[in-house]
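Trainee: Sequence:
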Amino acid sequence: GFSLLRSLGVANLPLTLIVDIGAQFTTTTLVHKGILLDVHVVARGSQETTVQLSKALSLSEEDAETKKRRFGYKGDESLEYMQEVMRLSTYPLFGDIGRLLLMYERKYNQVIEGIIVSGGGARVPGMLPVLHETIQTPARLASPFDQVEVPAFLKDMVTTIGPSYAVACGLALKKLQVR
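According to our numbering, the sequence shown is numbered sequentially starting from 251.
Some hints could be false.
[What the hints assert, rightly or not] Distance ranges between label pairs, derived from CB positions:
(1) 310 x 361: 36 to 46 Å
(2) 364 x 341: 34 to 44 Å
(3) 357 x 308: 16 to 26 Å
(4) 313 x 361: 37 to 47 Å
(5) 308 x 359: 44 to 54 Å
(6) 401 x 353: 41 to 51 Å
Don't read these hints as lab results, they were simulated from the structure.
Bear in mind that the values here come from a model prediction, so they are computed numbers and not experimental data.
Think of the CB as a built atom: it goes at the ideal place given N, C-alpha and C, for glycine as much as any other residue.
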């Protein structure tokens with residue numbers, strides 16, 4: 251929780267929902283100007299998509315995970331229904347996130363201005379447009395390495411891996427803080 255927030259530099263953000271998509275679980279964290287307001291864990295993650303791809307397209311789970319990571323929501327032309335399976339398998343998770351977003355807006359009587367997505371599930375190509383299409387709230391990928399200076403030759407790599415390492419980056423930043 252707090253390590254993720256630290257890595258994302260949320261001190262000046264308006265009401266924002268941080269969505270950390272793991273393999274088995276997804277954690278939603280509501281923050282406002284650096285203050286954690288609410289946390290909820292959803293018992294769904296990106297592994298569900300891998301399992302559904304495996305079953306629907308007759309692939310091993312390892313091959314399904316590779317295809318998901320490589321092609322994502324854009325699909326693979328050699329697999330006719332991949333794009334549809336990807337979308338259908340994530341609607342339950344994205345629906346849960348949407349319901350939590352509405353619940354938080356009602357509870358705090360404020361509009362959530364944006365979503366920051368982190369975790370391994372955030373790195374699936376094409377995920378942000380599908381999430382936005384489902385939830386109708388602006389979303390962006392977590393970029394935890396913006397909090398530290400990164401050599402130019404590593405910029406592209408840390409941008410790509412950033413969402414997966416947000417918590418680790420936050421833990422490292424804690425150790426660097428002056429007490």
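Trainee: Each hint needs a verdict: does it hold in this structure or not?
Mentor: Taking the hints in turn, this is what the structure says about them:
{"no.": "1", "hint": "310 x 361: 36 to 46 Å", "result": "holds, 44 Å"}
{"no.": "2", "hint": "364 x 341: 34 to 44 Å", "result": "violated, 21 Å"}
{"no.": "3", "hint": "357 x 308: 16 to 26 Å", "result": "violated, 44 Å"}
{"no.": "4", "hint": "313 x 361: 37 to 47 Å", "result": "holds, 42 Å"}
{"no.": "5", "hint": "308 x 359: 44 to 54 Å", "result": "holds, 49 Å"}
{"no.": "6", "hint": "401 x 353: 41 to 51 Å", "result": "holds, 42 Å"}
Of the numbered hints stated above, those contradicted by the structure are hints 2 and 3, listed in ascending order.
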